[in-house]
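If you're matching them up, the sequences are chains D and V in order. Per our numbering: the first sequence ends with 406, consecutive numbering throughout. Per our numbering: the second sequence ends with 760, consecutive numbering throughout.
Simulated from the structure, these hints should not be mistaken for lab results. Check the hints yourself; a few may be wrong.
Which residues of chain D face chain V? A partial, calculated answer using Cβ under 8 Å [what the hints assert, rightly or not]:
id	residue
1	99
2	100
3	135
4	143
5	147
6	154
7	157
8	190
9	193
10	353
11	363
FRET-style restraints, in silico, Cβ to Cβ [stated by the list, open to error]:
id	chain 1	residue 1	chain 2	residue 2	range
12	D	385	V	681	37 to 45 Å
13	D	36	V	746	46 to 54 Å
14	V	490	D	245	51 to 59 Å
15	V	746	D	327	37 to 45 Å
16	D	23	V	686	58 to 66 Å
17	D	385	V	736	52 to 60 Å
18	D	327	V	752	55 to 63 Å
19	V	755	D	89	36 to 44 Å
20	V	507	D	32	53 to 61 Å
21	D	249	V	507	50 to 58 Å
22	D	396	V	486	39 to 47 Å
23	D	397	V	350	52 to 60 Å
24	V	681	D	33	24 to 32 Å
25	D	389	V	489	40 to 48 Å
These numbers come from a predicted model, not from an experiment. For every residue, glycine included, the Cβ atom is placed at its ideal position computed from N, Cα and C.
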Amino acid sequence: MPRRNGPLTLTPTAGPVFPNWADAGGLGEILAACRDAVEDPDYPTVRRWRAGGGKVVGHFQVYFPEEIAHAAGLLPVKIRGALVEPRHADSRFGSYLCSILKTSLEVALGGRLELDMFVSHPICDAARNLAGVWGRNFGYPCQILYLPQNANSRHAAAYLRHEYDRLRREIERVAGRPVTDDDLGRSIAVFNENRRLIRRLYAIKRLAPWKLAVDEAYVLVTVGGLIPREEHNALLRRVIPWVEARPAAPQDRIRVVLEGGFCEQPPLELLGVMARSCYVVDDDLMIGLRWIEDDVPADGDPLFNLADAYLEHATYSPVQHDLRKPKERMLLERMRRADASAAILTAAKMCEPGLEDQVTHARTLDDLGIPYFVSEFEQNMSSFEHLEIQLETFVERLLFAA
Amino acid sequence: MTANGQPADIVGRGIRDGAALFRRRFADLTEAAERGQPTAYVFVMGSLAEILRCFDFELVFPEITSLQTAVRGVAHEYLDQAEDYGYSPDICGYVKADVALQLRGGAHPMGRIPKPTLAVLTNACNTYIKWSEIWERLYRIPVFTLDVPGTREAGRRTWPGDPDFEADKRYVASQIEELIALCEAVTGRRFDVDRLREVMDHTNALSRAWRRIIDLNKSVPAPFNALTDGTVYLGVVNAFRGTPEGRAYFDDLVEEMEHKAARGIGAQADEAFRLMFLGIPCYPIFRRFNELFTGRGGSFVNSTYLWFAAGGANLGFQYDLDRPLDSLAEGVLISVRDAMDSMFFQVQDLMDQAEPYGVDGIVFHAIKSCRTVSTGLADTRRALMAARDIPTLFIESDMMDRRVVSEAQLKNRIDAFFENLATRRKLAPA
Numbered sequence: 005m006p007r008r009n010g011p012l013t014l015t016p017t018a019g020p021v022f023p024n025w026a027d028a029g030g031l032g033e034i035l036a037a038c039r040d041a042v043e044d045p046d047y048p049t050v051r052r053w054r055a056g057g058g059k060v061v062g063h064f065q066v067y068f069p070e071e072i073a074h075a076a077g078l079l080p081v082k083i084r085g086a087l088v089e090p091r092h093a094d095s096r097f098g099s100y101l102c103s104i105l106k107t108s109l110e111v112a113l114g115g116r117l118e119l120d121m122f123v124s125h126p127i128c129d130a131a132r133n134l135a136g137v138w139g140r141n142f143g144y145p146c147q148i149l150y151l152p153q154n155a156n157s158r159h160a161a162a163y164l165r166h167e168y169d170r171l172r173r174e175i176e177r178v179a180g181r182p183v184t185d186d187d188l189g190r191s192i193a194v195f196n197e198n199r200r201l202i203r204r205l206y207a208i209k210r211l212a213p214w215k216l217a218v219d220e221a222y223v224l225v226t227v228g229g230l231i232p233r234e235e236h237n238a239l240l241r242r243v244i245p246w247v248e249a250r251p252a253a254p255q256d257r258i259r260v261v262l263e264g265g266f267c268e269q270p271p272l273e274l275l276g277v278m279a280r281s282c283y284v285v286d287d288d289l290m291i292g293l294r295w296i297e298d299d300v301p302a303d304g305d306p307l308f309n310l311a312d313a314y315l316e317h318a319t320y321s322p323v324q325h326d327l328r329k330p331k332e333r334m335l336l337e338r339m340r341r342a343d344a345s346a347a348i349l350t351a352a353k354m355c356e357p358g359l360e361d362q363v364t365h366a367r368t369l370d371d372l373g374i375p376y377f378v379s380e381f382e383q384n385m386s387s388f389e390h391l392e393i394q395l396e397t398f399v400e401r402l403l404f405a406a
Numbered sequence: 331m332t333a334n335g336q337p338a339d340i341v342g343r344g345i346r347d348g349a350a351l352f353r354r355r356f357a358d359l360t361e362a363a364e365r366g367q368p369t370a371y372v373f374v375m376g377s378l379a380e381i382l383r384c385f386d387f388e389l390v391f392p393e394i395t396s397l398q399t400a401v402r403g404v405a406h407e408y409l410d411q412a413e414d415y416g417y418s419p420d421i422c423g424y425v426k427a428d429v430a431l432q433l434r435g436g437a438h439p440m441g442r443i444p445k446p447t448l449a450v451l452t453n454a455c456n457t458y459i460k461w462s463e464i465w466e467r468l469y470r471i472p473v474f475t476l477d478v479p480g481t482r483e484a485g486r487r488t489w490p491g492d493p494d495f496e497a498d499k500r501y502v503a504s505q506i507e508e509l510i511a512l513c514e515a516v517t518g519r520r521f522d523v524d525r526l527r528e529v530m531d532h533t534n535a536l537s538r539a540w541r542r543i544i545d546l547n548k549s550v551p552a553p554f555n556a557l558t559d560g561t562v563y564l565g566v567v568n569a570f571r572g573t574p575e576g577r578a579y580f581d582d583l584v585e586e587m588e589h590k591a592a593r594g595i596g597a598q599a600d601e602a603f604r605l606m607f608l609g610i611p612c613y614p615i616f617r618r619f620n621e622l623f624t625g626r627g628g629s630f631v632n633s634t635y636l637w638f639a640a641g642g643a644n645l646g647f648q649y650d651l652d653r654p655l656d657s658l659a660e661g662v663l664i665s666v667r668d669a670m671d672s673m674f675f676q677v678q679d680l681m682d683q684a685e686p687y688g689v690d691g692i693v694f695h696a697i698k699s700c701r702t703v704s705t706g707l708a709d710t711r712r713a714l715m716a717a718r719d720i721p722t723l724f725i726e727s728d729m730m731d732r733r734v735v736s737e738a739q740l741k742n743r744i745d746a747f748f749e750n751l752a753t754r755r756k757l758a759p760a
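Build the full structure now, drawing on both the sequences and the hints.
Structure follows, in structure tokens:
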């Protein structure tokens, strides 16, 4: 197929860092290319970017204002663990820890992912240690971005604007060039388009879930954290019409919301199990890439606009406490908007925020008589048969009850 | 009294008085529960006692009430109940013990804990935030998160005058104003700045004393055991912060420690090896855990627990009473930030403290329950060993859950550590 709306060459590289999809013959090939990129622990897209002289900011889950790194000409890369054995990282941690922390450090220690800067946010008790651990092992800047934990303070936005300015100064040092408000404005426009395109994908999931399975949507979104966002936009612009035109017919399946993928990601095989059993019409997978729910104004003070969007125009997660967003109410709202009749409440092993919210959600759904399926997962799990049987049983019970 | 005017029973007074204070504290809490007194649930890393005492809130420290269930050997009953309710075995044991305590209407082995009217927390531990969300749902109470930005990168602390520090301070100061407004709304009382000065003055005295006491343990032998005695003192630091009782207790404690240091009276008679402790103690077998070390001549002379679990009071920060609110914001920022640094960026501090405390070895105790404190310990140990030739021991257990405490395994590791210490001493040049 001839290249249409091909990836832009706005990077320091001579060409796109993710060319795999551009010559694909159809949706299946693009999905396969995205799946390969997402599962490849050697970060080939990042290697290509670096080979072209580009610098990289690795940012750990959940949310990071990627526009600031992008405006400096850096590649912001979402760190979300990988399918690797934590051979090096095991010696840096104790026994009681989630997989994502170990495998994230592993890809860096093993030389699979080279960075010029690492940023984490204190999303949980474990992850808040990551900048310290990373900094003791690498010579490049390893920092904590203190996103406000008091989202309800009247002063949170002003504080966050200053914190973003501090980050801008740090990133300027890494990039070796200033980042102007105009640069930021242009980057915000790129990311606005990206968020709009992702919202379109999620609209398809809600309105016609038979056209886009949860694992397919996942790889299409997640690859965005590995490539320049302009390339991701071009990819989504190409793919979305193909998905919309897919000749799939609706089946008699229950519609569920998947909750629990905000940080450590369920394995693709597990998402595949869910896709075979039901329609996942909404979820919180890679929620950081779609944290902001509206366009960020590109004019005015771009840093303040980003800060305001983080606080005032954003979704929710177990790691942000906001009195205006009780988690159970937000889940119910997500289910209502997606017309879901049940929920899959999952949590990564050893993930305290996820496990704690699981209790809140389960008790709320119990009170309302809404069915839900509870599970735990681990990024590196390899056996899914038992879980598949349990999920199928859950689904069949609901279908028969209906 | 002795010839120099000190009471004859000065040695051990801190432990006796500390225990008595806590018995009285729990009795007061029981009465408060019966009276329905306004009660604030707070945490050790940034309790904001200075503000809350101005409104006469009873302060409950759920971390302390939870650990007391472990020390008293009943934590498993509480953990089981919370797990039956739905909480995973992988969740912090303090949280689960407290959930069970709430489900039991406040019933605690030392008394009855009143329900919260308000919860105030900082971000020094993320579990504080999730924990408070539970009370929010159980009691529909206001929850206030005082967000204290921490150090962004190892070795890059900022100080007054630096624009980044001033920005953080403005944020903290603004939130303190918002907390005051919330307290006024909850209690119907007006904020009294002179009362704040009075409370801050007591905190100043307590912080000064805490810093002095920790410093006095440089003496050989160490006047107090930083693991066991230190935990008792630490409880008073937190529960009696900003009170005349706390101030008087620490005046006495400084006197006791100075007395012991001057006379070479150690916490134990045979101090063979001076140890530093990192982490949180193993409360389910607290006494035996300590004896695994002291029985081999180990003496805990310092502990990061005495730093971070005191909310950074180890710095001895002194509030400027001429500008109370501004100084409170500065003190909260610097102290709570230091508590966080004591968990996340402690390598340099450990290297700085090892020599003045004459440390022979460092014990890293990671626990399942607390990933805030434990996640970075193995890597800190690795970095420390790369920088200094100092023996270290890495062990794992828990602060609450006896199911993950293997005493035999701990003993094997600890015995081997002491054999290493003894061999090194034997081989060391005279």
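For each hint, the structure was consulted:
{"no.": "1", "hint": "99", "in the structure": "6 Å, holds"}
{"no.": "2", "hint": "100", "in the structure": "4 Å, holds"}
{"no.": "3", "hint": "135", "in the structure": "7 Å, holds"}
{"no.": "4", "hint": "143", "in the structure": "12 Å, violated"}
{"no.": "5", "hint": "147", "in the structure": "5 Å, holds"}
{"no.": "6", "hint": "154", "in the structure": "4 Å, holds"}
{"no.": "7", "hint": "157", "in the structure": "5 Å, holds"}
{"no.": "8", "hint": "190", "in the structure": "26 Å, violated"}
{"no.": "9", "hint": "193", "in the structure": "28 Å, violated"}
{"no.": "10", "hint": "353", "in the structure": "7 Å, holds"}
{"no.": "11", "hint": "363", "in the structure": "4 Å, holds"}
{"no.": "12", "hint": "385/D / 681/V: 37 to 45 Å", "in the structure": "40 Å, holds"}
{"no.": "13", "hint": "36/D / 746/V: 46 to 54 Å", "in the structure": "52 Å, holds"}
{"no.": "14", "hint": "490/V / 245/D: 51 to 59 Å", "in the structure": "57 Å, holds"}
{"no.": "15", "hint": "746/V / 327/D: 37 to 45 Å", "in the structure": "51 Å, violated"}
{"no.": "16", "hint": "23/D / 686/V: 58 to 66 Å", "in the structure": "60 Å, holds"}
{"no.": "17", "hint": "385/D / 736/V: 52 to 60 Å", "in the structure": "26 Å, violated"}
{"no.": "18", "hint": "327/D / 752/V: 55 to 63 Å", "in the structure": "57 Å, holds"}
{"no.": "19", "hint": "755/V / 89/D: 36 to 44 Å", "in the structure": "39 Å, holds"}
{"no.": "20", "hint": "507/V / 32/D: 53 to 61 Å", "in the structure": "58 Å, holds"}
{"no.": "21", "hint": "249/D / 507/V: 50 to 58 Å", "in the structure": "57 Å, holds"}
{"no.": "22", "hint": "396/D / 486/V: 39 to 47 Å", "in the structure": "53 Å, violated"}
{"no.": "23", "hint": "397/D / 350/V: 52 to 60 Å", "in the structure": "59 Å, holds"}
{"no.": "24", "hint": "681/V / 33/D: 24 to 32 Å", "in the structure": "56 Å, violated"}
{"no.": "25", "hint": "389/D / 489/V: 40 to 48 Å", "in the structure": "58 Å, violated"}
The structure fails hints 4, 8, 9, 15, 17, 22, 24, 25 (numbered hints given earlier, in ascending order).
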